[in-house]
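There are 2 protein chains.
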Amino acid sequence: MGLLVVGSVAIDSIETPFGKVNDALGGSAMYISVAASYFTAPVRLVGVVGGDFPQEHIKFLEERDIDLDGLQIVKEGKTFRWGGRYHYDLNMRDSLYTELNVFEKFNPIIPNGFKNSAYVCLGNIDPSLQRQVLERVGKPRLVVGDTMNYWIESKPKELSETMKFMDVLVVNDSEARLLTHEPNLIKAAKQIIKAGPKVVIVKKGEHGALLVTEETIFSAPAYPLEDINDPTGAGDAFAGGFVGWLARTDDLSAENLKRAVVYGSTLASFCVSRFSVEGLKNLTYLQIQDRYRSFMQLSRFDER
Amino acid sequence: MGLLVVGSVAIDSIETPFGKVNDALGGSAMYISVAASYFTAPVRLVGVVGGDFPQEHIKFLEERDIDLDGLQIVKEGKTFRWGGRYHYDLNMRDSLYTELNVFEKFNPIIPNGFKNSAYVCLGNIDPSLQRQVLERVGKPRLVVGDTMNYWIESKPKELSETMKFMDVLVVNDSEARLLTHEPNLIKAAKQIIKAGPKVVIVKKGEHGALLVTEETIFSAPAYPLEDINDPTGAGDAFAGGFVGWLARTDDLSAENLKRAVVYGSTLASFCVSRFSVEGLKNLTYLQIQDRYRSFMQLSRFDER
Numbered sequence: 380m381g382l383l384v385v386g387s388v389a390i391d392s393i394e395t396p397f398g399k400v401n402d403a404l405g406g407s408a409m410y411i412s413v414a415a416s417y418f419t420a421p422v423r424l425v426g427v428v429g430g431d432f433p434q435e436h437i438k439f440l441e442e443r444d445i446d447l448d449g450l451q452i453v454k455e456g457k458t459f460r461w462g463g464r465y466h467y468d469l470n471m472r473d474s475l476y477t478e479l480n481v482f483e484k485f486n487p488i489i490p491n492g493f494k495n496s497a498y499v500c501l502g503n504i505d506p507s508l509q510r511q512v513l514e515r516v517g518k519p520r521l522v523v524g525d526t527m528n529y530w531i532e533s534k535p536k537e538l539s540e541t542m543k544f545m546d547v548l549v550v551n552d553s554e555a556r557l558l559t560h561e562p563n564l565i566k567a568a569k570q571i572i573k574a575g576p577k578v579v580i581v582k583k584g585e586h587g588a589l590l591v592t593e594e595t596i597f598s599a600p601a602y603p604l605e606d607i608n609d610p611t612g613a614g615d616a617f618a619g620g621f622v623g624w625l626a627r628t629d630d631l632s633a634e635n636l637k638r639a640v641v642y643g644s645t646l647a648s649f650c651v652s653r654f655s656v657e658g659l660k661n662l663t664y665l666q667i668q669d670r671y672r673s674f675m676q677l678s679r680f681d682e683r
Numbered sequence: 380m381g382l383l384v385v386g387s388v389a390i391d392s393i394e395t396p397f398g399k400v401n402d403a404l405g406g407s408a409m410y411i412s413v414a415a416s417y418f419t420a421p422v423r424l425v426g427v428v429g430g431d432f433p434q435e436h437i438k439f440l441e442e443r444d445i446d447l448d449g450l451q452i453v454k455e456g457k458t459f460r461w462g463g464r465y466h467y468d469l470n471m472r473d474s475l476y477t478e479l480n481v482f483e484k485f486n487p488i489i490p491n492g493f494k495n496s497a498y499v500c501l502g503n504i505d506p507s508l509q510r511q512v513l514e515r516v517g518k519p520r521l522v523v524g525d526t527m528n529y530w531i532e533s534k535p536k537e538l539s540e541t542m543k544f545m546d547v548l549v550v551n552d553s554e555a556r557l558l559t560h561e562p563n564l565i566k567a568a569k570q571i572i573k574a575g576p577k578v579v580i581v582k583k584g585e586h587g588a589l590l591v592t593e594e595t596i597f598s599a600p601a602y603p604l605e606d607i608n609d610p611t612g613a614g615d616a617f618a619g620g621f622v623g624w625l626a627r628t629d630d631l632s633a634e635n636l637k638r639a640v641v642y643g644s645t646l647a648s649f650c651v652s653r654f655s656v657e658g659l660k661n662l663t664y665l666q667i668q669d670r671y672r673s674f675m676q677l678s679r680f681d682e683r
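Residue numbers (my numbering), protein chains in the order written: chain A, 380 to 683; chain B, 380 to 683.
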């Protein structure tokens, strides 16, 4: 078994209308790993940081039982840093700076002990690197991949090639539209399925998520949060909850994929309630189960 | 009992990337009445048209068992006409022309036989007219009201006064935000509840609908249509299905309100699949029930 997570590890400075944080833990692999760590352990992380990466962050990841054998520390380099400011409408944000630093030359080296991972989650990184990861591991049972508008626009060929090796593509609604030039999300998802992934998950932020396969469509609501403090990492927390649940249960049935989508939404809802990964700290499995059941209440109606 | 519907009756010319129609039946009261007519009969319509209103439309409404005693026909006048063109992304449209004609001086006269209506649905018209209607009827069991950005911006005081007499306000997401200056939809809905309506329904188009009361939040999915031909009237068809179901069952429990939201979504999904009111013609109750059950499938997941 085992879940391998590959992606960025960053130090973020984030400002929203509700507060700000400096030098906080960030990056796609980070959010994915922390969210997944509530379902399966140890989560195997592959990423790169610089010598400036704070020891307290390492300590937190170790406490979450995240295996850091694949975390390269480039002593003389600096960690990937991102700064962003969100508008009053949290759907809009400005990137203030993006310093790739050691992440610019990231070579995803997979420790031998990670190569047999049955579950692989590829955070939003260069699609060529995503493919390299897949060439360096055995035959996983499930490959979940994320991407973003930057890669869709700048590396369409590489992305299209990499998508053929993904079982599940997780994208947001605007990315699904950009990828397919199709405004109808259901049509867009079906078009993506033709390009490789058997399962497409369209994350719609405050509107929930859609799971689309050849045979099934499932619509999950978003948790009706009144206090969203920081949307950073919500999509990655979703992916982490999703793949974490699948790795825990090792059940890829349509019914269990639906549950995984709701667990993904559950972790995303915790994530955005606080800054950085704070919302994903100190959760209990009982809290997660409780919120899962709230999702059931939220969307349940009966026949008559 | 009885359901009273007041609003616009129009002749629409609509163009979308998938086709066009000229001189088709339109208007808020029209879509609401036709959708509701699948649940309760006769639906009592109050509106105004000109001498140019085609006899075939009258015939259709009579066939749907819609009581036209309250439909004023101003022989020497012309019917309200609207022309619109939708973009490839159907969420965007341009109004090509809006000729109010006889609708400009609409005085909603309520026939005596309509005054005891237990259910009243106020289509999107001037909030002062909506209030006049309420002053002219007895004490209904439920008042459902719609509005739009035009009234929110041009008649905020009148709207705010009228909202106090609505039990259910049906708005779309951008209207809810505009009305409250609050980007978070849950907070916006709760703010509206403080202003009068006990129930707020936020229609989110392709993302479904939210039902918010003081105690409950319910999230209904949208039907995953691949072929949407004309979004015109979707919100009104939703309101018609919603209030029609409530009038049929005369049950205002939280559980039945949820069902009503799904019946609203059901009628909206039929509406947009064809042009004008074509998608609301010749439905059977069995078809409606079948689609209702599809909505259950779409959003159902279990515990484990």
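Since the hints were derived computationally from the structure, they do not count as laboratory data. Some hints here could point you the wrong way.
For chains that are exact copies, the list does not tell them apart, and a pair is met inside one copy or across any two.
Listed below are the simulated SDA-like cross-link pairs for lysine to any residue, each with C-alpha atoms no more than 25 Å apart in a straight line [as the list claims (entries may be wrong)]:
#1 Lys484 / Val516
#2 Lys494 / Met380
#3 Lys518 / Leu475
#4 Lys543 / Lys660
#5 Lys438 / Ser533
Right, here's what the structure says about each hint:
1. Lys484 / Val516: Classified as within: same-chain Cα gap 20 Å, cross-chain 73 Å, threshold 25 Å.
2. Lys494 / Met380: within (10 Å within a copy, 69 Å between copies)
3. Lys518 / Leu475: Cα proximity of Lys518 and Leu475: none, with 40 Å in one copy and 57 Å across.
4. Lys543 / Lys660: neither (35 Å within a copy, 44 Å between copies)
5. Lys438 / Ser533: neither (36 Å within a copy, 57 Å between copies)
When held up to the earlier numbered hints, the structure conflicts with 3, 4, 5 and fits the remainder.
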